[in-house]
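Engineer: These protein sequence lines map, in sequence, to chains A and B. One point on numbering: in my numbering, the residue at position 140 of the first sequence is 140, and numbering is uninterrupted. One point on numbering: in my numbering, the residue at position 229 of the second sequence is 229, and numbering is uninterrupted.
It should be emphasised that the hints constitute simulated quantities derived from the structure, not laboratory data. Just so you know, even glycine gets a beta-carbon here, dropped at the ideal spot from N, CA and C. Mixed in with the good hints, there may be bad ones.
[Stated by the list, open to error] Derived CB-CB ranges, DEER-like: (1) A:Thr45 <-> B:Asp138: 41 to 47 Å; (2) A:Glu182 <-> B:Asp39: 53 to 59 Å; (3) B:Tyr90 <-> A:Ala266: 45 to 51 Å; (4) B:Tyr225 <-> A:Arg75: 47 to 53 Å; (5) B:Gln104 <-> A:Asp251: 23 to 29 Å.
[To be verified] From chain B, some residues computed to sit far from chain A (all C-beta separations above 12 Å): (6) Gly10; (7) Gly100; (8) Arg157; (9) Leu191; (10) Leu195; (11) Thr224; (12) Gln230; (13) Arg232; (14) Arg272.
[What the hints assert, rightly or not] Here are the computed lysine-lysine pairs in the PhoX-like style, where the Cα-Cα straight-line distance is at most 20 Å: (15) B:Lys263 <-> B:Lys201; (16) A:Lys263 <-> A:Lys201; (17) A:Lys33 <-> A:Lys43; (18) A:Lys33 <-> B:Lys263; (19) B:Lys240 <-> B:Lys201; (20) A:Lys43 <-> B:Lys263; (21) B:Lys97 <-> A:Lys29; (22) A:Lys33 <-> A:Lys50; (23) A:Lys240 <-> A:Lys193; (24) B:Lys263 <-> B:Lys196; (25) A:Lys263 <-> B:Lys43; (26) A:Lys97 <-> B:Lys29; (27) B:Lys33 <-> A:Lys263.
2 protein chains.
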Amino acid sequence: MRTIFYISDGTALTAEAFGRAMLSMFPLKVVHKTLAFIDTEAKATAAVNKINQAYADSGERPVIFHTFVSIDIKRIIMSSQGSCYDFLDYFVTPLSKELGIPAQPKTHRTHGIQEDTGVRENYDFRIDAVNYSLANDDGSNVANYDEADIILLGVSRTGKTPTSLYLALHYGIKAANYPLTEDDNMENLQLPKVLKPHRHKIFGLTLDPQRLHEIRSKRREGSTYASLPQCRFELQEVEKMYRREAIPFLDSTRFSVEEIAAKILAETNIERHRF
Amino acid sequence: MRTIFYISDGTALTAEAFGRAMLSMFPLKVVHKTLAFIDTEAKATAAVNKINQAYADSGERPVIFHTFVSIDIKRIIMSSQGSCYDFLDYFVTPLSKELGIPAQPKTHRTHGIQEDTGVRENYDFRIDAVNYSLANDDGSNVANYDEADIILLGVSRTGKTPTSLYLALHYGIKAANYPLTEDDNMENLQLPKVLKPHRHKIFGLTLDPQRLHEIRSKRREGSTYASLPQCRFELQEVEKMYRREAIPFLDSTRFSVEEIAAKILAETNIERHRF
């Protein structure tokens, strides 16, 4: 099987994003290997040996997605037997021309904290948002909802917690979440009173009943809570309530947490604190 | 000021990663705008109007980083007055030649769930990891440590919680975390007994005393807990203990949560469940 290497003198997150996007167009089973923080010639030489070894072992030429600040180290990687792809290199000249300033690859630390550019401030913002989302998980602190950027609403196990953590970690958004439970009288579901003053910040999540049934069964197999009729009933009631209250909502069944978060941002006007 | 647009018929996360990496090389103040899920001609036309309007308003040609599956929609975006960059397009031909198969842009959904390729399985794994990390935050459930992929250790406010959530969300790693507190007798700090059977999975975090002092002061201004001497003392003791016990550790002062997570992966052999 072909080995794909993601290599960088930094986190390699950009090389991974680049490679993942490229490979998503090719239906191919591959082995992934990330080599991060390759920031000395000795490490680069060791990386080249790994690449050449993967070629020798599999007989298939490895594919290398790389991003480097250091040209010397990049050259060592490019001397390997892999097939190398470097999108930074290709686009830097046209972009430099367009922007009218030369590139300063020293400042390339895409995922870092740059004190002088205010990124530190943004970074603290993200950590504050994570702490906020944790403290306001599962309807635990409705008194803090004034501070929320968004409040995710839904019945148990519809993805509220991972989505609010992702919104906080990735975008610096203070995302609370509130679960609708048996206590909310599912037979005649109303928007809980405590949420009414914050209605403009609420976003609903829903799910396919079969999928919810599977997820809940992993948690409490054979319970009423996990049964398909109960899941169907709760989702029906909650969706009716979203429509009645004009709360925007999303069926998250076929989406990853990244996609759910991006869809919420696209549908609302929440200010994000990070790009 | 120049406006940078990140545009896609999907989440635009790839376009953002691409653009962010490119722009990190140019010290320039810009305005960022993401237009995600531009998946109809009407939306594309509206996007073009926004691009041209930004040009008219600022007098500076907007820069467009885009990734599209649909060629028709891409063409509409490229008819705008912005300066367009598309790394997928440029690299698809050489990569196709290398892999020996044609690109199938229909399958391009980089951040999605693809049931047929096992990505759904990986996805469930990530959500399980998030639930695990939440349930095992702050030393709450040492009984579950058999299941942990990694246990982050450190004194209060050294970044354990955001790092464990990032490891879970981004890589599907079950990351517990355990705080060292006054109860652990800081004067003669030992590795807590409950952690001894799991020593091989422990990774330590530490921080610059001044920075810890600032972070703790935001939480409890003027307390002993937040005082510089106390921060210095705790960090000194914990680092001594890491060295004595041969626990790998990282000073996270100058690093973002992405960098801390990537460094931990580079230094350990934890299996990640997502690339």
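Engineer: Taking the hints in turn, state whether each one holds.
Structural biologist: Comparing the hints with the structure gives:
Roughly 42 Å separates the CB atoms of A:Thr45 and B:Asp138, a value that falls within the hinted 41 to 47 Å. About 39 Å separates the C-beta atoms of A:Glu182 and B:Asp39, a value inconsistent with the hinted range of 53 to 59 Å. Between B:Tyr90 and A:Ala266 the CB atoms are about 26 Å apart, so this pair departs from the stated range of 45 to 51 Å. For the hinted restraint 47 to 53 Å between B:Tyr225 and A:Arg75, the CB-CB distance of approximately 50 Å keeps it satisfied.
Taken as a hint, the range 23 to 29 Å holds for the pair B:Gln104 and A:Asp251, whose Cβ atoms sit roughly 26 Å apart. Distance check on B:Gly10: its Cβ comes as close as 8 Å (rounded) to a Cβ of chain A, failing to clear the 12 Å threshold; non-interface status is violated. Under the 12 Å C-beta cut-off, the non-interface status given to B:Gly100 relative to chain A is violated; the minimum distance is some 10 Å. Distance to chain A contradicts B:Arg157 as a non-interface residue, since its nearest Cβ pair spans about 10 Å, not more than 12 Å.
The beta carbon of B:Leu191 is kept farther than 12 Å from every beta carbon of chain A, the shortest such distance being approximately 26 Å. Non-interface call for B:Leu195 relative to chain A: holds, since the shortest CB-CB distance, roughly 23 Å, exceeds 12 Å. The non-interface label for B:Thr224 is consistent with chain A: the shortest C-beta to C-beta separation is roughly 22 Å, beyond 12 Å. Non-interface status of B:Gln230 relative to chain A is upheld: no Cβ of that chain comes within 12 Å, the nearest being about 21 Å off.
No beta-carbon of chain A comes within 12 Å of the beta-carbon of B:Arg232; the shortest separation is about 21 Å. B:Arg272, annotated as away from the interface, has a beta carbon of chain A within 12 Å; the closest lies near 8 Å. At most 20 Å may separate the alpha-carbon atoms for a hinted pair to count; B:Lys263 and B:Lys201 meet this at roughly 15 Å. Of the supplied pair hints, the one linking A:Lys263 and A:Lys201 holds, its CA atoms being roughly 15 Å apart against a limit of 20 Å.
For a cut-off of 20 Å, the pair hint linking A:Lys33 to A:Lys43 stands: about 15 Å separates their Cα positions. Using a Cα cut-off of 20 Å, the hinted pair A:Lys33 and B:Lys263 holds, with the two alpha carbons roughly 15 Å apart. In summary, the hint linking B:Lys240 to B:Lys201 is supported, as the alpha carbons are separated by about 19 Å, within the 20 Å threshold. Distance restraint check for A:Lys43 and B:Lys263: the Cα-Cα separation of roughly 15 Å lies within the 20 Å cut-off, and the hinted pair is therefore satisfied.
Between B:Lys97 and A:Lys29 the alpha-carbon distance is near 17 Å, which keeps this suggested pair within the 20 Å criterion. For the proposed pair A:Lys33 and A:Lys50, the alpha carbon gap of about 10 Å is at most 20 Å, so the pair holds. Note on A:Lys240 and A:Lys193: the hinted pairing holds, with a Cα-Cα distance of about 17 Å set against a maximum of 20 Å. The straight-line distance between the Cα atoms of B:Lys263 and B:Lys196 is roughly 23 Å, outside the 20 Å bound, and the hint therefore fails.
At most 20 Å may separate the alpha-carbon atoms for a hinted pair to count; A:Lys263 and B:Lys43 meet this at roughly 15 Å. At most 20 Å may separate the alpha-carbon atoms for a hinted pair to count; A:Lys97 and B:Lys29 meet this at roughly 17 Å. Only pairs whose Cα atoms come within 20 Å are accepted, and B:Lys33 paired with A:Lys263 is accepted, the gap being roughly 15 Å.
Hint violations for this structure: numbers 2, 3, 6, 7, 8, 14 and 24, all remaining hints satisfied.
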